[in-house]
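Chains A and B, in that order, are what the protein sequence lines are. Sequential numbering of the first sequence, starting at 0, is according to numbering that gives the first Met the number 0. Sequential numbering of the second sequence, starting at 0, is according to numbering that gives the first Met the number 0.
Derived from the structure by calculation, the hints contain no laboratory data. Do not take every clue at face value.
[Said to hold, decoys possible] Result set (BS3-like, lysine-lysine): computed pairs, CA atoms no more than 25 Å apart in a straight line: (1) K15(B) - K148(B); (2) K148(B) - K82(A); (3) K11(B) - K106(B); (4) K148(A) - K167(A); (5) K81(A) - K106(B).
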Amino acid sequence: MEVGELPEGHVGDGFFTTKLSGLVGMARKNSIWPLPFATSCCGIEFMATMGAHYDLGRFGAERIGFSPRQCDLLMVMGTIAKKMGPVLRQVYLQMAEPRWVLSVGACACSGGIFDSYSVLQGIDQIIPVDVYVPGCPPRPEAILDGVLKIQELIGQESLRRRNGEKYKELMESYGIQ
Amino acid sequence: MMELSNETIRQKLTDKFGEFLTDWQEPYGLLTFTAPKDLNLKVMQFLFDDTELRFQFLTDLCAVHYPERTDEELAVVYHLHNLADNIRIRFKVFTPSERPDVYTATKLYECANWMERETYDFYGVNFVGHPNLRRIQNVEEMDYFPMRKEFPLEDQTRRDKDDEMFGRG
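Next comes chain A alone, as it looks inside the complex (with noise of 0.2 Å):
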């Protein structure tokens, strides 16, 4: 049985030799549980992204949750008001780690045409993202590709990642621990 792309590793009869980390990245990647934030007409794309045309669900992350403790994508979708921003940065805070931000549309990584006084000017001024989606807004395509590389990401991430110095110095650029 398939049940998706198998790690690097040697395969044997009967048996199959690979790194942990591989092993826990195909675990993790195919089992995302991605929280949505949606403010706006790119939440309603993801709707259609949900819903049984583009299903999401295919690549695993068909269990939505909608508390921040139990998710591990956090889907920022939607023009994110000023006054909105400390209320994203809570629920952020609020998963565990490790945890995962995709930004989805225009708005949400660069304020869009929302060039204005109460409009944060994208969200990676108050949370580290991980992976873009342009658009205004985006086609379910897009955040479907948006999803493959945030797998694909989690996929290759090292055990060790988010011990690390490097992830450390990013969080303190945020203010974060």
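Given chain A, work out where chain B should sit, using these hints.
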């Protein structure tokens, strides 16, 4: 009983306040006038209490910034509604943006509370006597009044946007 008309309202107001009320207009049938800012409460109280006028509902309260009107840059606009006769009127008071103090309407109309907070939030009109005059929609840390025309609309904290791409290079 005779129906309440714009003429009657105007006559009653002129009898009471005389020449203090100016700039009478009727765009699209909406009676509009300007009052001195110190009289705003007296005018509203009269419109509220008079047994014939009965303007007992405040539909809207907002401000307008006219940078070219020296010493009266900010206008505060009141929209009042007589629910019994279904008649609306509008009146404005002007205040200098240097010292934008206007008496609060919250004692008369409870709904003025949030509308005055919003007007303060965006235009910095200081409503004297307001029970809770602080920002309502913008972030608390904001240190300016974004709808005043001296402040650019664009976000001043952006670092990654190329001005040329946005047509202002």
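Hints, one by one, checked against the model:
Taking the CA atoms of K15(B) and K148(B), the gap is near 36 Å; set against the 25 Å cutoff, the hint is violated. For the given pair, K148(B) sits about 22 Å from K82(A) by alpha-carbon distance, which is consistent with the 25 Å threshold. With a C-alpha separation of about 23 Å, the suggested pairing of K11(B) with K106(B) holds against the 25 Å cut-off. At most 25 Å may separate the alpha-carbon atoms for a hinted pair to count; K148(A) and K167(A) meet this at roughly 23 Å.
Proximity of K81(A) to K106(B) is assessed by CA-CA distance (about 33 Å); at most 25 Å being required, the pair is judged violated.
This entry does not satisfy hints 1 and 5, going by the numbered hints stated previously.
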